[in-house]
Amino acid sequence: MRGHLGLLVLRRLALGVPLVLIVVVLTFTLIRLAPGDPALMLAGDSPTPEFLAQIRAEYGLDQPIPVQLLTYLNKALHGDLGRSIFFGRPVSELILQSFPVTLLLTSVVMVFASLIGILLGVVAGDRRDSATDTTIGVASLIGFSIPTFWLGQMLVLLFAVSLDWLPAGGLSSSRNDYVGFDHVLDVARHLVLPVTTLTLFELAMIARFTRTAMIEALGKDYVTVAFAKGASRTRVLFRHGLPNAMVTTVTVIGLEFGVLLAGAVVTEIIFGLPGLGRLFFDAILRRDFPLLTGCFIFASTAVILVNIATDLVVAWLDPRVGR
Amino acid sequence: MPADTVINGKRNADPIAVRPALARRFGKMPANLSLSIGIALVAIPCLAAILAPLLTGSDPLALGADILRPPGAAHPMGTDDLGRDVFARVLYGGRISLMVGLFSALIAVSVGTLIGTIAGYFGGRTDEVLMRVTEIFQIVPRFLLAIVVVALLGGGQLKIILIIGLLSWPGTARIIRSQLLVLRGEEFVLAATMSGASPARIITRHILPNVVPFMIVSGSLQTAAGVLVESYLSFLGLGDPSHPSWGLLLQQAQLYLQQAWWMSAFPGLSLSITILGLNLTGDGLASRLGARSVSR
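The listed protein sequences derive, respectively, from chains A and B. Under this note's numbering, think of the first position of the first sequence as 1, with each following residue one higher. Under this note's numbering, think of the first position of the second sequence as 1, with each following residue one higher.
Calculated directly from the structure, the hints in this document are not laboratory data. Just so you know, these numbers come straight off a predicted model, no measurement behind them. You may find that some hints are simply not true.
To be verified - A few chain B residues that face chain A, going by a derived Cβ cut-off under 7 Å, partial list only:
# : residue
1 : PRO141
2 : LEU152
3 : GLN259
4 : TRP261
Claimed, not checked - Pairwise CB distance ranges, derived in the manner of DEER restraints:
# : chain 1 : residue 1 : chain 2 : residue 2 : range
5 : A       : VAL179    : B       : ALA40     : 50 to 60 Å
6 : A       : LEU285    : B       : PRO53     : 33 to 43 Å
7 : B       : ILE216    : A       : ASP62     : 36 to 46 Å
8 : A       : ARG11     : B       : GLY124    : 16 to 26 Å
9 : B       : LEU63     : A       : GLY272    : 21 to 31 Å
Using N, Cα and C, we set each Cβ at its ideal position, and we do this for glycine too.
Work out the full structure, taking the sequences as your base and the hints as a guide.
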């Protein structure tokens, strides 16, 4: 069993590496396709001629295109994503500094969305075609039809502006210097609205897929057998049904991680959270292309890694997969 | 895009428990109902956008002295920070959002159908290569890629439509391919092959008419996705400023959120109703087709 997983890790990584390469090549192509001089694009709006010459030499822009591509690849794969024009600091440094905020936001969202979404999916799948099922179905359809950023705005209007229950933005209170547990509580209070915004969307997705997978799993012979043996309903649902439905759920969670990151971008903007999304937005606003492409390469790599991880979880849940 | 839809066509797969008859009759929203509600919801913004000049006398771009005015008799949805009528901006903004959604879906469905058909019909090496490419497109985060492409290559309505369309075809390609795998073994296709018809003729005359319903389902969901992606781009300031869409209105609303709720509420509501309507329509159509699995 362990050997099987080890082999699978290697096999998935072998698929993931070319994907990262493709992302980098794609980014390079886009920079080349963009109108204007790529040196200008890398150097920002009004560079000095010396700086331009330096950029040209550094990126080998006076070399033939294949050589340029290799230079770019080599730099990117060594973690050198260039220097941000606006911040004047290495892009990788900026990313590593803001990523923890995004990681905190997305992981809290995933925990809540998975727990509630799976539970709702199980209930809906179990009581298929009942009023409960329809209600969950309609609610989740509404849940993922509402654009994340508008939901965020409405939650701010309701809970921060009208009711004044929760802070409208930021990661912590600027006027107070909380330490220790108080600081944790303060951050948590600031995260309630952004987490709710993103969770509602993810939750809807997870509930829908879990429901379909549950219905399929509950139609299998082993479930009939379990009932015939006299197993309780709860036991059949969570011991026989859910583990089989989880294969679908986990796959969906992995595939939707890219969407979750995009959702985090707009959520961070609305709630003024200093994460990767905020960095992305700064890059767009200031036309800071090294920062923009750097963030993209980093985010894509994260998505690819999450996909590899979900593949492994699926293989662990269902040993038939990937053998 | 988010929101893949999986519908289980099997009716009597539930061995457990006998449901109360009442719940069984009224509980499940029938496919027809969700289809009707969906179409009705989509019809509202569509009609409003088409009839915009009849519904309001205000110019969506005309500046006014009445700034940040709450909804009232003169301005049913209030005015924005430059005194422009929000009602007029929502109506005309709908034209932009819907057009981008519709045309990007057209591109996505055309490309997806083409690739899905080729992969499914010819199979073998061709299928393998095309499906690998599709997988790559599905894993690379599309939203973020769209942002990067528009930021680097510049916006403009036509470019945005092309970019969204060309990044959204994989879902359609997969559905069409799976249909092709079924159709390829059907007797009427075999008969056509036996009678010496060329692949081009078999595909256009015998196969495509059978996948049209799936193209429509996919088109409905892709339009929802297109409207959504455009709104993200506009919200991030990458939209076409000369063609203000709902997303652009929401971007402007963000700056005045504390003072003018109406600048955000109405464009966002229109956006949500449209996307919900298109998703319901796609869902309803899919269950009528008995589609086991339909995804974007």
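Quick rundown of the hints versus the structure:
With a least beta-carbon distance of about 3 Å to chain A, the hint placing PRO141 of chain B at the interface is held under the 7 Å criterion. For the restraint placing LEU152 of chain B at the interface with chain A, the shortest Cβ-Cβ distance is roughly 4 Å, inside the 7 Å limit, so the hint holds. Look at GLN259 of chain B: its Cβ only gets to about 9 Å from chain A, farther than 7 Å, so that hint breaks. Because the beta carbon of TRP261 of chain B sits about 5 Å from the nearest beta carbon in chain A, less than 7 Å, this interface hint is met.
Between VAL179 of chain A and ALA40 of chain B the CB atoms are about 56 Å apart, so this pair conforms to the stated range of 50 to 60 Å. The beta-carbon spacing between LEU285 of chain A and PRO53 of chain B, approximately 35 Å, falls within the hinted interval of 33 to 43 Å. Distance hint check: the CB atoms of ILE216 of chain B and ASP62 of chain A are about 53 Å apart, inconsistent with the given range 36 to 46 Å. Remark: the range hint 16 to 26 Å for ARG11 of chain A to GLY124 of chain B is upheld by a beta-carbon distance near 23 Å.
Between LEU63 of chain B and GLY272 of chain A the CB atoms are about 29 Å apart, so this pair conforms to the stated range of 21 to 31 Å.
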